[in-house]
Every structure is written in structure tokens, then in C-alpha cells.
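Trainee: Given next are the chains, with one letter for each unit.
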Amino acid sequence: MIETEQLTRCYGNLTAVDALSIRVEPGQVLGLLGPNGAGKSTAMRMIAGFLVPTSGSARVCGHDVMREPLQAKRALGYLPEGAPSYGEMTVREFLQFIVRMRGLKGEAGYRRFGAVVQQLQLEDVLGLGIDTLSKGLRRRVGLAQAILHDPPVLMLDEPTDGLDPNQKHAVRQLIDVMARERTILISTHLLEEVHALCNRVVIIARGKLLADATPAELEARSRYHGAVSFSAPGSGMSQEMLGRLPQVAGIEVDPLDGRITVFPKPGARILEPVETLLREQGLEVSEIQLERGRLDEVFRHITTSGEDRAGVPA
Amino acid sequence: MSPVSAVLRRELRSYFVTPVAYVFLVIFLVLAGILTFYVGDFYERGQADLQPFFVMHPWLYLILVPAITMRMWAEEAKGGTLELLLTLPLTLWQAMLGKFLAAWLFIGLALALTFPIWITVNYLGSPDNGVILAGYLGSWLMAGTFIAIGACLSALTRNQVVAFILTALVCVLLILVGQPQVLDFFQGALPRRLVNAVAHLSMLRHFEAISRGVLDVRDLVYFLFSTLGWLIAGVLLLDLKRTR
Numbered sequence: 001m002i003e004t005e006q007l008t009r010c011y012g013n014l015t016a017v018d019a020l021s022i023r024v025e026p027g028q029v030l031g032l033l034g035p036n037g038a039g040k041s042t043a044m045r046m047i048a049g050f051l052v053p054t055s056g057s058a059r060v061c062g063h064d065v066m067r068e069p070l071q072a073k074r075a076l077g078y079l080p081e082g083a084p085s086y087g088e089m090t091v092r093e094f095l096q097f098i099v100r101m102r103g104l105k106g107e108a109g110y111r112r113f114g115a116v117v118q119q120l121q122l123e124d125v126l127g128l129g130i131d132t133l134s135k136g137l138r139r140r141v142g143l144a145q146a147i148l149h150d151p152p153v154l155m156l157d158e159p160t161d162g163l164d165p166n167q168k169h170a171v172r173q174l175i176d177v178m179a180r181e182r183t184i185l186i187s188t189h190l191l192e193e194v195h196a197l198c199n200r201v202v203i204i205a206r207g208k209l210l211a212d213a214t215p216a217e218l219e220a221r222s223r224y225h226g227a228v229s230f231s232a233p234g235s236g237m238s239q240e241m242l243g244r245l246p247q248v249a250g251i252e253v254d255p256l257d258g259r260i261t262v263f264p265k266p267g268a269r270i271l272e273p274v275e276t277l278l279r280e281q282g283l284e285v286s287e288i289q290l291e292r293g294r295l296d297e298v299f300r301h302i303t304t305s306g307e308d309r310a311g312v313p314a
Numbered sequence: 001m002s003p004v005s006a007v008l009r010r011e012l013r014s015y016f017v018t019p020v021a022y023v024f025l026v027i028f029l030v031l032a033g034i035l036t037f038y039v040g041d042f043y044e045r046g047q048a049d050l051q052p053f054f055v056m057h058p059w060l061y062l063i064l065v066p067a068i069t070m071r072m073w074a075e076e077a078k079g080g081t082l083e084l085l086l087t088l089p090l091t092l093w094q095a096m097l098g099k100f101l102a103a104w105l106f107i108g109l110a111l112a113l114t115f116p117i118w119i120t121v122n123y124l125g126s127p128d129n130g131v132i133l134a135g136y137l138g139s140w141l142m143a144g145t146f147i148a149i150g151a152c153l154s155a156l157t158r159n160q161v162v163a164f165i166l167t168a169l170v171c172v173l174l175i176l177v178g179q180p181q182v183l184d185f186f187q188g189a190l191p192r193r194l195v196n197a198v199a200h201l202s203m204l205r206h207f208e209a210i211s212r213g214v215l216d217v218r219d220l221v222y223f224l225f226s227t228l229g230w231l232i233a234g235v236l237l238l239d240l241k242r243t244r
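In the order they appear, the protein sequences are chains A and B. Take the first sequence: its position 143, counted from the start at 1, is 143 in the working numbering, and no numbers get skipped. Take the second sequence: its position 49, counted from the start at 1, is 49 in the working numbering, and no numbers get skipped.
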């Protein structure tokens, strides 16, 4: 479990993290989402015990990171931003160093080492210098380092940054498997990742918590939520008729590909009426889609309207 | 103590994986030899001892120790591995101690590798090997203090060049502060007791006492305490950086 209470961190006049209170339970994968410079990494560095909070507190598995730093660090697996590791070491040397630092001894250490190397598919690069590895491999070595002691709490700062789609998929599967009985906090600015991984999302900007919801709840806030979109050539006539449906709030046509999006009035379901109308009009519709909502739009809305609020003196 | 030995092993290994260790060892041994025979007049003195050898050590350390300590923390801060290291379950003290011991053992190895000069002097005459042993001990203790200074100042900055220059500067001050010329300079300006106190800060004075074979507790305490003091200052600096 990770808990933060009014966690705050200032750099001079800049408040990087502003009274952040979150609580992540076992079984949850919380995505910490925010624009670059929002304070995601700073918050994680405080939870990991690297930075001292200006005020407020953080606990990992009930251990205050300032008062019981060693217990907190033992419970935590942490991948810092950019997955730093000692470049002059080979992958094997580096992971063995972590095994020793984590106090894993003898048989147990050997077993965990083997399991993690297999999980992250590092068998072929064990003898290579970390400096010579690609960005994706280095990230995997960083992940291996974080999960080596099989921690109950995992905190990953942009775990899939710099990976290709296949590697991203592999890492997400790994996190998925690990998620079952663990507490996981990941930071990201990739919205697709939220869908793929998280069952809860916290959006921060300028260090402030702006939203705390499930991905589905966030999508429901999108104006695209429940909208119906389709492509149909020569549908000029029916657009007008669609607009006259009682449940419809508005219609937009994509100027590039001519795709039509029909927006519902709040709470209305419009897939069926739209389909019926199109059928009655005898329009050839190649494919029709009910939109879940667009996270990027919600993200933009939340983080930029926060900007407006910050601009207004309290 | 397990984290200390893990850090120690990692540091030592990194000396030998990068060329640092070999460059250091070669230059140390070559310079120690050259300085002893050519500058120290090893033969011309006609005495079977290693005084000309040990006399050069402070000056050797002055250049070579900052070269191995400058990367100690500065490199970790710059490369981001400091965050990795300090979020592993170990205290700042354990990290500092591991790094310090690695460097100190390494200098110990360099000193041990000067054994041919000891064999030479035993071949040429019959020196007092107790005095020579004391000289080695004093030299190693002094190296410890140099390393502690370097460790502390490397924690101050993420720039290795800055760490090198600051360390060399502090070390040269601590070497020179007991020299008659420097003391004469202070003589007029400061009260006699203060001048004496300043003289006691001198690394050279304590080292020369030990290397003459006089194992005075005060000299040992001087090196142990100044080493410890600089290490504590380094740990405090690292801790302070976490709040800034």
C-alpha cells in the first residue's frame, strides 16, 4: 500500500508537488498521469525516499519513508525515471549487485535472479555491458532491478518510455501478471498505457491533484462518450435528419476523411436511433462505432482548465 | 554490513573495469620510483631507509587521490544512479563507508605494490623494518584522510573536474599549513597559541612523525578523526542535497 498525505515539495519559489494526498491499495494499478513537469517524478522520488518532502508525509506498507526509510525501501521496488544503471557493469554484474543490496542470499538470491532474467528475457544479454545496450533493453534491466526482491509495492516511473510496441506489450503483460496481489504506481504521459494497464487514474498538473477516477469514469467525462461515428459517402441529406433526432445534441464532420460523429444529449443513448434512421434512408454504412470517450480530450481539458484556475488569484 | 560490502565490491570492480585502476597504479608506481631515486637522492644519502620514498607520498597523493575520488559521488549524481543507489535499502552512512573503503583498499594495494623498493633497501643494507612498516602505516592513514576529503567534496558537486580541483586545493592547504614559511606568515598576525594550533592541523607534521617510526597516539588520532570528520561532512552534504 502507498499512502501520501499532503505531500508537498518546493524548489525555491516553485511548488513542484502541492499537497498531494493519494492512497493506492493492493490489487490496484494506479496511473499517475500528467503533462511533462507536472510533478510526477518529484512525487515518486519522495515516496521512494530519495527526496525529502518540504511538508506532508508518505508511507509505503505503513512505513513512513522519513522515519522508517529502510523498511519502506525494502517493501518497494522502484524504477527511477530514465532507468539509470551503472553503465560500466554487465547486466549480470549489475543484477547481482542488486541481489546483494537487497540482502537476498544463496539459493533464494539465485532463484530470484533466474526468474527475473527469464521474465524480462535478458538471458542473451547477461554478459553484455549495460552501456552497449539499446534503450529498450536498458529499460528492461531497470525493470528487472525493480522486481528482483519480489516487492509488495512497485513504483515505475515511465516504464515503457523508449520501448517499441512489442516490448511495450511485453512489459504491460508483466505488470498485469504482477498486479494481482501487489500495489503498483506507474507514471506515464501515454494515454494508451492507462487503458492497457491501470484500473485507476490520478491526473496531476502543476503538482496538484486534478482528477482521481477509473479510466472508464474519465472517458465518461469526454464529450465523445456515447457518441456514434460512421463513414458513409453521400450522406449530406441524412445529416440534417440526424440533427433533428430528439436525442442528438450535435453533429461534426471530420474535414479530412468525411467521418461523421453524432453527439448525444447528456445521458441519451443514440446508437439505435441513428442506426434505424440510416437504414431507413437506405445509406450504405461500411462501419459504425459507438465511442467510449476520448481520454486525450479529457486529459487536455482537465490539465488545461487547471491552468486557467491557477492563473486566477485565489 | 552486507550493503557496505556490496557497495565496496561494486566500486572496486568499477575501478578495474574502467582503466582508472591501471592508469593509477602505473603512474603511482612509476612516479614513486622516479621521485625516490632522482629527487629523493636515494643512493647519494648513503642510508638504508625509505625516508626519500615516504617524503614524496603527500605530493603523489595530492594529484592521484583526487583523481580516484572525484567520480565517487559526482558521477552518480550526474548519471542518475544516485537515485537508484539511495532508494535501495541502505543508509547514507553505509553507502559512504562502502565507497570510502573501496578507495582506501585500492590505495592499500598500490602501496603494497611498491614492495620492490623495500626489497631493494633490504638488499643494499640493513634498514630498520619497523620504521619502514610505520612509514607504510602512516602513508596509508594519510591516504585515508585524503580520500575522505575527496569523498566529501565529490558529494558537493555533480561536476568531476570541480570535485578534483576542490579536493586538490584542500589537500595542498593541509599539507602546506605546517610549513615554516606559512607559519612565519601567520606569526605576526595571530597569537602564538593559534599559530601552534594551525601547525597541528598540518598533515605533513603528523605524517613525518609516524614515518620516522614514532607511533604517537596523537598522530594516529589526528588521521582517524580527520578522516571520520570529512566522511561525516560528506554524509551531511548528501543528506542536505535531498532537501534542496
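To be clear, the hints were calculated from the coordinates, so they are not data collected in a lab. Just to be clear, a hint being listed does not mean it is correct.
Here are a few chain B residues that sit away from chain A, every Cβ distance over 10 Å (derived from the structure) [claimed, not checked]:
| no. | residue |
| --- | --- |
| 1 | V30 |
| 2 | M56 |
| 3 | L88 |
| 4 | T157 |
| 5 | Q160 |
| 6 | G188 |
| 7 | R193 |
| 8 | L215 |
| 9 | L224 |
| 10 | L228 |
Computed from the model, here is a short list of chain B residues facing chain A with C-beta under 7 Å [said to hold, decoys possible]:
| no. | residue |
| --- | --- |
| 11 | S2 |
| 12 | R192 |
| 13 | N196 |
| 14 | R242 |
The beta carbon of each residue, even a glycine, is placed where N, CA and C say it ideally should be.
Trainee: For each hint, tell me whether it holds in the structure or not.
Mentor: Do the hints match the structure? See the list:
no.: 1; hint: V30; verdict: holds, 25 Å
no.: 2; hint: M56; verdict: holds, 31 Å
no.: 3; hint: L88; verdict: violated, 5 Å
no.: 4; hint: T157; verdict: holds, 18 Å
no.: 5; hint: Q160; verdict: holds, 15 Å
no.: 6; hint: G188; verdict: holds, 45 Å
no.: 7; hint: R193; verdict: holds, 42 Å
no.: 8; hint: L215; verdict: holds, 37 Å
no.: 9; hint: L224; verdict: holds, 28 Å
no.: 10; hint: L228; verdict: holds, 23 Å
no.: 11; hint: S2; verdict: holds, 6 Å
no.: 12; hint: R192; verdict: violated, 46 Å
no.: 13; hint: N196; verdict: violated, 42 Å
no.: 14; hint: R242; verdict: holds, 5 Å
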